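Undergrad: The primary structure of each chain is shown beneath.
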Amino acid sequence: MDFTSYSNPSLSQKKIDLVENVPLECSLNYKIHLNYHGILVSINASREAILKLILSLVPTSWVKNESSGESKLKLSLYSIRDFNISNLEWENETSSECLISSTSNQEIAIQRDFAGKMVGDNVVAIINEDIADGFFNILRWFMPRKLLQIKNTVLHSSCVVVDQKAHFFLGHSGYGKSTLTTLADEKLVLGDDMNILFQMGEDYYAKGAALGGLYNNKSILDQSYPVGAFYWLFKSSENKIEKMELAESYRKLISSCANIFWGESDSQTEGEMMKLATNVTRRYSFYNLYFSLDKGFWKYVK
Amino acid sequence: MLNSNAKIVRKKLPWQELDEKIVILSPETRMSHELNETASWIWKELEHEKSFKTLLEGLIEYFDVDDTIASSDLAEVLIAMKDIALIEIND
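First to last, the sequence lines map onto chains A and B.
Counting in my numbering, the first sequence runs from 1 upward without gaps.
Counting in my numbering, the second sequence runs from 303 upward without gaps.
No lab work stands behind these hints, which were simulated from the structure alone.
Everything numeric in this text was worked out from a predicted model, so none of it was measured.
Please note: incorrect hints may appear among the correct ones.
Said to hold, decoys possible - Think about it this way: if two alpha-carbon atoms lie no more than 16 Å apart in a straight line, the pair counts; the simulated EDC-like pairs of lysine to aspartate or glutamate are: (1) A:Lys151 / A:Glu202; (2) B:Lys323 / A:Asp163; (3) A:Lys252 / B:Glu378; (4) B:Lys309 / B:Glu359; (5) B:Lys314 / A:Glu270; (6) A:Lys151 / A:Asp203; (7) B:Lys323 / A:Glu248; (8) B:Lys355 / B:Glu336; (9) A:Lys52 / A:Asp130; (10) A:Lys275 / A:Asp163; (11) B:Lys313 / B:Glu359; (12) A:Lys302 / A:Glu107; (13) A:Lys275 / B:Glu319.
Start from the sequences, fold in the hints, and give me the full structure.
TA: See below:
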């Protein structure tokens, strides 16, 4: 694993060593089953505080008392306290980048607030249960690929409902996705960082991803809205809109797919992704949206 | 200028044609590339390996352009495509 972007390589190596030595198949004391956008996740946790954190983040309707049949995905979570590590020591890293190392049958990921290992549908990770970011970052690492297998595409986006249609706002970090949601007034914000695009019948719909960022309340995670349009954001002193050509729309949509690793995915996944991008870009309008803080840009969102 | 016998090979990359434009995804660089008309034609021609000479003859016929200009333009586009790791040029 290349630590050049990391400020504390010895801590990074320690995280890798720890997670490599944690068994994948383990039965921990605290268990919960979640239906995460159609994926049944069976969570084992070493401490009750970890379960309390998770329950505070997801709608109660997602929680299942008993696993209904075989769990699709097993997630075992350990606390840093199980390894006598303090909050300060665990997060003594300036980079927020997620580093991933893959072999033929195993993947290891580390970030400032977690360390994780995945083999097939088994994931084990170490987090600090005092903050939600670690749990969300674990999900952001592997969940988009799992969701894609059931045709749910996670877009790095903010998503706002206008006239009962979900509008996706895309852009690189710092382009204004979150800023735009603070200008939404009474409009419903599905998510300010990660949202799901999925097909139902002939139409495409949007819902909040619950993979971090802010959302108004947990209950909206159960709601989905038909897609309106897509906007690539530019912060500007004026408000204006330009329609994108098809090829540019396609590139923007593909570049907004969260944590899908081209070339590392199997060709079937890539094929599905490209088919979806082709369908969506042919069906919906894509725009470059230049927006200012005066909220005048909303007249273009319809 | 490229050797007329130089073999041009397209890299195995995911790509899509949209309204006669080719979009190529490059996992190595985590970038996508939108090709112009000439590069799109070259990309499709390179479904099978071709020599520079064969490509040049096809280009002249397809675009109906002057030989000398076509040769320098083709070399320029091929080098640009090589620089962004879309093709390999084997002299």
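Undergrad: Are the hints correct? Go through all of them and say.
TA: Hint check:
Pair hint Lys151 of chain A plus Glu202 of chain A holds up; C-alpha atoms about 14 Å apart against a cutoff of 16 Å. A C-alpha spacing of about 34 Å is found between Lys323 of chain B and Asp163 of chain A, which places the hinted pair above 16 Å, so the restraint is violated. About 27 Å separates the Cα atoms of Lys252 of chain A and Glu378 of chain B, which puts this hinted pair outside 16 Å; it is violated. About 14 Å separates the Cα atoms of Lys309 of chain B and Glu359 of chain B, which keeps this hinted pair within 16 Å; it holds.
Of the supplied pair hints, the one linking Lys314 of chain B and Glu270 of chain A holds, its CA atoms being roughly 13 Å apart against a limit of 16 Å. Using a Cα cut-off of 16 Å, the hinted pair Lys151 of chain A and Asp203 of chain A holds, with the two alpha carbons roughly 13 Å apart. A C-alpha spacing of about 10 Å is found between Lys323 of chain B and Glu248 of chain A, which places the hinted pair at or below 16 Å, so the restraint holds. Our distance criterion of 16 Å between C-alpha atoms is broken by Lys355 of chain B and Glu336 of chain B, whose separation comes to about 25 Å.
Pair hint Lys52 of chain A plus Asp130 of chain A holds up; C-alpha atoms about 10 Å apart against a cutoff of 16 Å. A hinted pair counts as satisfied when its Cα atoms are at most 16 Å apart, and Lys275 of chain A with Asp163 of chain A does not qualify at roughly 28 Å. Between Lys313 of chain B and Glu359 of chain B the CA atoms are separated by roughly 22 Å; this puts the pair beyond 16 Å, and the hint is violated. About 42 Å separates the Cα atoms of Lys302 of chain A and Glu107 of chain A, which puts this hinted pair outside 16 Å; it is violated.
Our distance criterion of 16 Å between C-alpha atoms is met by Lys275 of chain A and Glu319 of chain B, whose separation comes to about 11 Å.
Hints 2, 3, 8, 10, 11, 12, counting from the list given before, are not met by this structure.
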